[in-house]
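Quick mapping for you: the protein sequence lines, in order, are chains A and B.
Add 2 to the 1-based position in the first sequence for the working numbering, that's all there is to it.
Add 116 to the 1-based position in the second sequence for the working numbering, that's all there is to it.
Treat the hints as calculated values from the structure; they're not laboratory data.
From a predicted model like this one, the values you see are computed outputs, not experimental measurements.
No incorrect hints appear here.
In the BS3-like style, the derived pairs of lysine-lysine whose C-alpha atoms are separated by at most 27 Å in a straight line are:
1) B/K505 - B/K520
2) B/K619 - B/K667
3) B/K306 - B/K286
4) B/K577 - A/K232
5) B/K619 - B/K636
6) A/K219 - B/K587
7) B/K497 - B/K636
8) B/K636 - B/K587
9) A/K95 - B/K219
10) B/K587 - B/K429
11) B/K577 - A/K219
12) A/K316 - B/K306
13) B/K498 - B/K520
14) B/K513 - B/K497
15) B/K429 - B/K577
16) B/K710 - B/K636
17) B/K219 - A/K316
18) B/K520 - B/K587
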Amino acid sequence: MNRPVRASEIAEEVSAISYDLIIGAVGYEHRATHIAKLSNLSAIGKKLAFAFREPRGGHFAANFAWYCENGFDVTSSSDSEFAAWLHEVVLPKCLSVGKIDIRVAVDISCFNRYRLACLVEFLTRPELDCISETDFWYSIAKFDPPSEREELNTLVGPINSRFGGWFVDSDRPTVGILGLGYEEGKALGAVEHLEISDTWCWLPDSPVLEYLPEVVKANHVLLSEAPTLKHVKYSVSRPAETLTRLIALASNLSTENNVMILPFGPKMFSLISILVSLVHPAIAVWRVSAGENLAPVDRIASGFEVGLRVGWQKQR
Amino acid sequence: MKDASYSAIYESLNARRLSPQQVAMTFVPQDQFTVLTKNRHSVLLGPRGSGKTTLLKMLQPQAIEYWEGDQGETHRGAIDYTGVFISTDVSWGAQREALGDGKLDADVHEQLGRSLFVTHVLRALVATMEYRTSKPTGKEIAHFRRLSVPLSRQWAIVEALAARWLLRPKIATYTALKQSLVFRMADIRKLAQDLVGQADAKERVRADENAFLRYHFLDEVICAITLFNDDVDEPEARWALCFDELEIAPDWVSDQLFRSIRSADDRILIKMAMSPVSTRANPAIFEHVTGPSTLNDFDTIRLWYTDKVEPLKFCQDLWNAVVRRRGHASLTPHDVLDHSQTELHSTNRKSTKSAYGVSSDMMGSFERLSRSDASFSAYLKKENITLDKLGELTPEKFAATIRKVAPIVVFRDYFRASDDQKRSLRTRKILSVYSGADSVFAITEGNPRWFLLIVNAMLDKAEQSDWKISKEDQAEILSNVAGRFLAMLKTLPVPPATVGTLKLSLIGVIDRVGLHFERKILIDDFNPDPEGTFSPSLMTTPRALASLLDKAVNAGALIYLPGQRDELILRTVAGKRFRLSYLLLPLFRVPIRKGRSVSLTRILKLPENLPRTQIPLIAESDL
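So here's chain A without its partners, still in its complex pose (with noise of 0.2 Å):
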C-alpha cells in the first residue's frame, strides 16, 4: 500500500500543469465543472467523470452534456458501486498511460464523503506506484445561506470501511476532532450521539469571508462547552499547513486517547482527515450523512480553488 509523504500547496494555476489524467464529478452543482474548465484539457490524455446517480436535477444535466462533449468518459453508478468502478476504468486507463510517474488532477469538489475515501483509498493501490504525486483540487463556492430544510440522516458511521480507524482499547476516552460546518447543530449531534468526550473545533478560515461567522453561529452552544485552547482555525486555503498541524494533534492525542475526526464544512478538510487516517490508521474518521435523502442544494464556484499535492512513498 502507498502512503502519502508529503503534500504541498499548489501555487501555480491549474490551466498551467499538464495532467495525464483528470478525474471529476457529474452532481448537480453549478461548479461541478469549474475546475475542469480552468485546466488545460486540449493537453490531459485521459478524462474520466463519475456521474452520481442519485440526486440529480439542478445543474447535473448541463453539467453531464458538457463533460461528455469535452472529451471526458462519463460512467454513472451507485455510491456501492464506485469503488468497483475505480478498479475497473479508472486503474486500467492509470496504467495504459505508459509513463513511469503519470501525473493526476482529481477535483474532489462534488465528490461525497464516501467517494472521496474510496479514491484516496484506491491512489493508495500499490499497482499504482505509476503516480507519485496526485494534486487535489477543491472550487471553494460561493457563499450560499445554510439550507433550512431537515436533512434526515441515514448513516453515522465511518467515512468507508477502510478508515474506520482501530480503538486498540475501547476504555480510552474517545476525543473528537470536529471540523466545522454551517448546518446548525450537526457537529454537536453528532457528538452528542457518540459520546465523545473531548472535543477539539476545528473553524475553517476560507478566503469566502461570509462563512467563518456562520460556522460560529451554528456552532455556539459546541464552542461554549469547549474551551477556547481547543478552538482552532485553519486556513481552507492552504491546505498543506493544515494536513501537518492536523497530523501532529492526532498523533498527539492518540498516545493515550482513541482519536475519531469527524470531517464537517469545506470538503478539503474531510480529504485531509483521510490522509491523516493513512498517516496513523488507528485513528478513524466518521460521517454524518443523509445519503441519497441528501437535498440537492446548488454551489456556484467562488472563484478561489484550492490544489493539495500529495506525494505517494510506494510500497510493494
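Dock chain B against the given chain A, drawing on the hints supplied.
Structure of chain B alone, referenced to chain A:
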C-alpha cells in the same frame, strides 16, 4: 469554587470515559443499584444517559474499593462476587463490523468478529484478575476481594492460560497476558485484511494455528476462573460478567448470554445493560424472556422513571453530591432555583391550601384564566367552585378539582391570549414557567447525564450572583439543553417512515405528538383531564414507524410507561403506552404531567403545521 478533579470528572458526563475509580468517586446510587448488586443475573434497561454504564462499572473491584461513605461500606459487605466490566460502544462496534474493510466472505467475517469479541472479554477478565492480585496503592478506601498470591503461583496460572489461549506473553504476568490479548485483537484485524480476496480464507480460518478463532467466550471464562479460583482456594467464588450496551454487540452475544443464564456454571453471573427496545429483534431473546420460568432466572431492572415524582429522591441525592463537591453542601435546590409555579409534589395539606391563598401566584393564575377563558369558567361553574371560597372545599374535592388541574391552569394562563383574540398563543419565548426546583428535577427525568448537564450549568450561573439563578436564566439553560437533545435526535440515522401520505422523520413524529398535546392543553376547550400520553396501535402501526419509535425510545425521547403486567424488555412498541420525555416539553409548551392516552394514529392525522422543533430557541423575552 470547583477544583480541577471536579471539573474533569463531573463535566465528563459520560461514565464510559471515566476510570472505575473516577466513577466511584462521584457515584450516587439509585435504588435500582441495590437490586443490581444481588447475587442474581440481571438485565438493566434504560435509554442512553440513564446510568447503565455507571452502575455496571461500580460492580468492579476497581470501583468498589474507591467508594467512600457508609453506602460504600455496606455494599462492599453485601457484594460477594467479582465484577468484570466488558465495555462496548458505537465506534468499537463499527470497527468490528469493518473487519476486512467490508470485503470478506460473510462466514469468515463473522468468525473473525466473534473471535475479536471473545478476546475482548478475556482481556477484561484478565485485567480484573490482575487488579485483584496486584499490590494496593494505598489510596483505596477499603480493599475488596484483594488477594496476596505468590508470584510463582501467578506465573503458573498465567502460563496455563497463555498455553490454552495460544498466546506468548513476554513474561508470565497478568499484565503481559493482558497485553498479549490486546495484540491478539490487532492480529485478528491484520488477519482479516490478509484474507481479503483470498480463495482459501475459510480454510485458513479453520487452520490449527488459528484455533483461537473458534473459542467460545463462556467456556474460556469458565476455564480461566476455575484455574484462578482453585489456585486462590476459592473454588466456588462467583464472577459477574457485566456487558454494557448489549444492543451494539452482535446478535449471537445476547443470544448466548440469555441461554447462559439457565445453563451456565453457577460461578458465573450475567449482568447485562441494554436499551428498552431490542432493535435487533433477535427472536432468541424473546424466546428466553417469555414463560413463567424466566421470572426466576434474572431480575429486570428499569432505569427510567414513568412520572415526575419517582426520580425526586435520586435527583435530590445527585444535587447533594454536586453541591458538596462544589464546597457548598448546605445549598438546597429551592435556595438556588426557587419553587416551581406548578406545584408538583406536596403531601402537606395545610401548605397546599396556603399555596392557593388570596394573593398567591397560583390564585392569580386561576383568577386570570377564569376571566379570559370561558371554557375554564364553565368548568368552575360545573364543579360548583368559587375561587374565593376554596377553603370550604373538602380535601378530596380540592385535590380532584383544583390541585389536579393547577398545572394546566398555569400553562393556559401563561401562554393563552384571551378568547377575544381567538385562542391564539402568546409568543412567549422565555419559558420561565418551567423554572423552579421541582420542574427542573422533573425535566431531567432522573437521567444522571442530563441532570448533571443542567444542574452544573445552573450552578455555574448561580455562583455569579450569590447562589441564585433567575427564572429566565433557568429557562434559557433548559432550552439550550432541549436543543442539544434535539440535535442528537436529528443525528440518529433513522430512515423516515411513510404513514398514509405522510413521510415522517423521528423529529417529525415528536413534533406531531408534542403539537397535538399542546393543542389539547392550550387551544381546545379547557379539559381537566387532557391527553398527554399515546399508544401506537397494534393493528395500524407500519413497521417503519415502529422502528422509528424504537429508536426514539432507546434515545430517551419517548418514555415507555409499562402497565403492571407489561414486560419491560420491549419487542415492539405497538400496543404500549408512551409519553414524550419531559426534557422536550419546553419545546411544546406542555406541562409536566402524564395525562390520558390517545392513539398515535389519531395524532398523526394532524394537518401540516410548522414543526415546533424548527422554531429557533431565543434567549430574549418578548414580554
